[in-house]
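Chemist: Below are the chains, spelled out letter by letter.
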Amino acid sequence: MPAEHTDKRYEEELKKLRQNILYMGGLVEDQIQKSVKSLVDRDSDLAQVIIERDHEVNRLDVDIDDLCIRLLALHQPAGRDLRFITTGLKITTDLERIGDMAVNVCERAIELNQEPQLKPYIDIPRMAQISQRMIRESLDAFVREDTDLALKVCKDDEEVDELNRQIFRETITYMISDPQTINRAIKISSLSKYLERIADHATNIAEMVIFMVKGKSIRHMKDLPPSV
Amino acid sequence: MDSVPHTALRRRIAPEPARDAMADITANVAEKPLIEIENVSFYYGAAQALKGINFSIPEKKATALIGPSGCGKTTLLRCLNRMNDLILNTRLEGKITLHGRDIYAPSTDVINLRRRVGMIFQKWNPFPKSIYENVIYGLRIIGVKKRAALDEVVEKNLRRAALWDEVKDNLHKGATELSGGQQQRLCIARALAVEPQVILMDEPCSALDPISTAKIEELIHELKDTFTIVIVTHNMQQAARVSDYTAFFYLGELIEFGETAKLFTAPEQRQTEDYITGRFG
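Top to bottom, those sequences are chains A and B.
Residue 358 in the working numbering sits at position 226 of the first sequence; the count goes up by one each step and never skips.
Residue 268 in the working numbering sits at position 267 of the second sequence; the count goes up by one each step and never skips.
Just so you know, not all the hints are guaranteed correct.
[To be verified] Covered, in the sense of this in silico footprint (three residues per stretch, anywhere, with C-beta under 8 angstroms from a C-beta of chain B), are these stretches of chain A:
1. 135-148
2. 316-322
[Unchecked claim] Restraint ranges, calculated between C-beta atoms of paired labels, are given here:
3. B:A215 - A:P357: 37 to 43 angstroms
4. A:E136 - B:E254: 21 to 27 angstroms
5. A:K222 - B:G175: 41 to 47 angstroms
6. A:G158 - B:E223: 16 to 22 angstroms
7. B:Q270 - A:E136: 18 to 24 angstroms
8. B:E32 - A:D139: 31 to 37 angstroms
9. A:R191 - B:E32: 38 to 44 angstroms
10. B:P211 - A:R191: 32 to 38 angstroms
11. A:P357 - B:N113: 39 to 45 angstroms
12. A:K222 - B:P211: 47 to 53 angstroms
13. B:G71 - A:R150: 31 to 37 angstroms
14. A:E136 - B:G175: 30 to 36 angstroms
15. B:G101 - A:D198: 52 to 58 angstroms
16. B:H235 - A:L154: 31 to 37 angstroms
By construction, these hints were calculated from the structure, which means they are not laboratory data.
Only a predicted model underlies this, so the values are computations on that prediction, with no experimental measurement involved.
Backbone N, C-alpha and C define an ideal beta-carbon position, used for all residues, glycine too.
Isolated chain A (complex conformation) (with noise of 0.2 angstroms):
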């Protein structure tokens, strides 16, 4: 870690600005998980508390925003720290995005459980279990500034990819052998898209954590690099 900041106030108010981003990273973590838990164990009650959380997410991106807008008018921050409160601004709309994935993953719960289950959920929790762990990834990355663990994160996200393109193959068969499914799913091939975007969003989490340790970025690039 570097030396302390001479201005301890403003030293505080970074250590507020990496704490806050993390609490809204476990919140949101949690989220997903719980959301994925109403939709595998047909709780439209869990997907309800869930969808009515969100607000809490919505609440700390724009706490958050403020911290770091304030921080920027008042500390004319350069170098390291400059690059930590842009990555904490960028972060927090991925954060408030997954969020909002969480909430659609949890109406999509509550339509299908009003209607008898198309099949046992398998690839939908494996999927929901790997971009989860790229958020909490991604976020430990950010707090040990660790750009081999952020790499990891990107490289990841093609297993969700590919998950993702089975899903959508196996939907499709079910909708050309029975239309009766088409419905359901339809809503499952939301789902997987949806999981396919939080990991999506983590990975932009990651590009952004290499881009504050190293200062330089890795995003956009047709392939990832070895190493940074």
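For chain A, the structure is supplied; the task is to place chain B on it using the hints.
Modeler: Frame of chain A; chain B shown alone:
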């Protein structure tokens, strides 16, 4: 509403820097060098103020020298037009060239050097004469007498220094009657009137209010098209705003030199990072 765009918007956007980040610090500048500083050490008596400095100052760009007090930035600035010659018991080792010519060579005409490398100081120092006489002072010394030529020089340089509109009706008013910011711009006009190649600025805004500071900073952006500027400043935001390149000094050593945008967002050296983020000491 004020229709004048914000100064930041009027600036030209710097070209994308070359992505060869780990290169030697002296190789960070692709521009044509005007001043080359080679292995320069400077001593005040036995005390060494600069330790083997190497870097090049590119032509028609603004280069900022930053660092904590006593780091040697002003000493280096003063080496560039041999102002340190005026201090007894000082010694310079190494070589400084302007356009490839050694400025410390015995054949160098120091007066001529200082005409080519002008200087602006922290505290404005106009002569106790009229605005007009201040601007043409250098020309009077070298013997220019033609009234029309002098008038032209006064107008041209007061315009260059963004002071003309404020003083054109009172050119014969005493220079010391102007405000601090105006006096500083008058000193800039005076420095420009002898058509230098380089302008050294030693904390030119540290005693000015924010509006006067903004005017001088805007002026620096315009002057870069014609002149090479080297500015020493304690105000890091100012260095970030006005310069194309920044050199960071610490305890007489050059720690890092590179593109300003890079140095203030992702410096390569830990000491630079600590300094610009306020974690020094």
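Chemist: Looking back at the hints listed earlier, which ones does the structure fail to meet?
Modeler: 2, 5, 6, 9, 11, 12 and 14
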